[in-house]
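Visitor: Work the whole structure out from these sequences, hints included.
Protein chains in written order, with the numbering used here: chain D, 5 to 329; chain C, 5 to 329.
Just so you know, these hints were derived from the structure itself, not from any lab.
Backbone N, C-alpha and C define an ideal beta-carbon position, used for all residues, glycine too.
Any given hint could turn out to be false.
If you want the footprint, here are the derived chain C segments under chain D, 3+ residues with CB under 8 Å [claimed, not checked]:
# : region
1 : 32 to 41
2 : 268 to 277
3 : 317 to 324
Protein chains: 2
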Amino acid sequence: MNFDPLIARLRAGNTAALARAISVVENERPGFERLLAEVHHSLGRARRIGITGPPGAGKSTLVERLVAAYRQAGQRVAVVAVDPTSPFTGGALLGDRIRMESVALDDGVYIRSMGSRGSVGGLATTTREVCDLLDAANFDRILVETVGVGQSELDVAGMTDSTVLVLVPESGDGIQTLKSGVIEVADLFVVNKADRPGAEQLRRDLEVTLGLRRRAGRQADAVLWKHPVLLTVATKGDGISELIAALDRHHAWLLESGTLQERRTRRLLHRTREVVDRATRRWVWEEARADQRIAERLEDISAGRVSPYEVAAEVLGGLKQGERT
Amino acid sequence: MNFDPLIARLRAGNTAALARAISVVENERPGFERLLAEVHHSLGRARRIGITGPPGAGKSTLVERLVAAYRQAGQRVAVVAVDPTSPFTGGALLGDRIRMESVALDDGVYIRSMGSRGSVGGLATTTREVCDLLDAANFDRILVETVGVGQSELDVAGMTDSTVLVLVPESGDGIQTLKSGVIEVADLFVVNKADRPGAEQLRRDLEVTLGLRRRAGRQADAVLWKHPVLLTVATKGDGISELIAALDRHHAWLLESGTLQERRTRRLLHRTREVVDRATRRWVWEEARADQRIAERLEDISAGRVSPYEVAAEVLGGLKQGERT
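Guide: Structural data, given as structure tokens:
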């Protein structure tokens, strides 16, 4: 299939073309990698911003406010909402998304929910690829919102230029999160629902932790970038312009320090590895029909006459010889 | 390395040998697959029981009670506590485990916490392999406890003979879980903290849902196995003997109906696929040094002169030709 007309319409900001391209990539339709290869040389225009944090922190409301503010400034904004805990696309996040209908009729906004369909690794790769399509479609900002559960928070940091960690004063989430390793990958911290008791305390706790980390020199970046801790009340719109200003400062720092280029190159290295893994799996399971070889030995495996490990070694041996036959 | 002496000690129930074997497998030390292949023919003695459900449902306390009851009946019991949200082994679950010190000095009990170290898929595979070692070490029951977050609940069902879903009356967890697809893979349902308000209501809700599912014939098994919904108060030990009896009934049904053999064969098929994937990755990244090829092209990728997809295709082409050179 020739993707040139689709890419041309995508670049021109046609929403239907974008939806079609995303569907091609999400479902790994024939030629999807060619489509992504075609747009590769024109990427890098969009700023990719990750919004992560525990459930209930108000991420969706915050994202909605950011979208509105960016739109007011004339920016085109895309939102990718990732829920790795949901096996269903659009599942758990749908309720939150409905609230965004106000902006959904606006051509300068595009919203997409993505759920895991069995493979968390696969979800992260596909999300990164969807971000590429949005970048190619000339969005100025791509907001990647994720439900924070351990690995997914680290994943989102691996796919964006700036990562915002959203916390709330109540519940022990703040402290839990500080322990979880996600603090290491966040660039900006937001204490949302800051009109509730404990907000100032959480901000101080965060600043102490960040200060200690800086002094311990645990992150080279930290010498240059002083991680801000911002207070917001997303439901009222308080603190949103300060967050946008902080994101602008972070972007400027990323550019000046060379960190942007470094992060993007690291992401491309990681992406290439992912694509090799995926292409290898496709080769093994679809072209080389490893499943058939396994099916032939399944009775022996089940009876204990041969182990999965020996059969796997046979399959791999066959692959290594493959092209010779 | 010759694993025969290790395996002999493992079979004899030596705890140090078991810990050593698990460490070999967890860290994928040289020969770990040979070790697993060696024990393969003697598996199938242990009953593998999955305990899953949302955080706070009281799974750890329930597991502790089950361990005590099985011990009283003279059974050797192993517990594998899996937390896919924690990148650290023994992290979040450690607090719960400490309460089990009472049983930890008993030779007939073995407890192991497993955290994700970057890869959820890898965690599931390793957990299944650790269960094999416990089976080979002559444990009668292997309890696999997991913190329920979407995919991990489905994973645990894929590695056990019987899956117990633990819910609690308060919070909307019950309903959330019913929607999440995990109900489809559970064999037994436990409403824990049944002395709290709403327990009977949750049981009725569950029974209605299960009845509707049975009538809709959505699961062939359901025609034969009537999923029980049990009430427990794990902190007091209430309902534990009933749960053990229900697990015994489920095991008898699994045997009689041929479902046990069917499930185990399906697991072995899945395992063999996982081992092929892992062995392939090792070949690609360690033997064939795909990373080096990518590193050579990274500057071109970063400059937009070539895409990750083209470089991946080059790498794969090299692999297919590999053995010829």
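Visitor: So, for every hint listed, does it hold in this structure?
Guide: Hints and how they fare:
no.: 1; hint: 32 to 41; result: holds (count 4)
no.: 2; hint: 268 to 277; result: holds (count 7)
no.: 3; hint: 317 to 324; result: holds (count 5)
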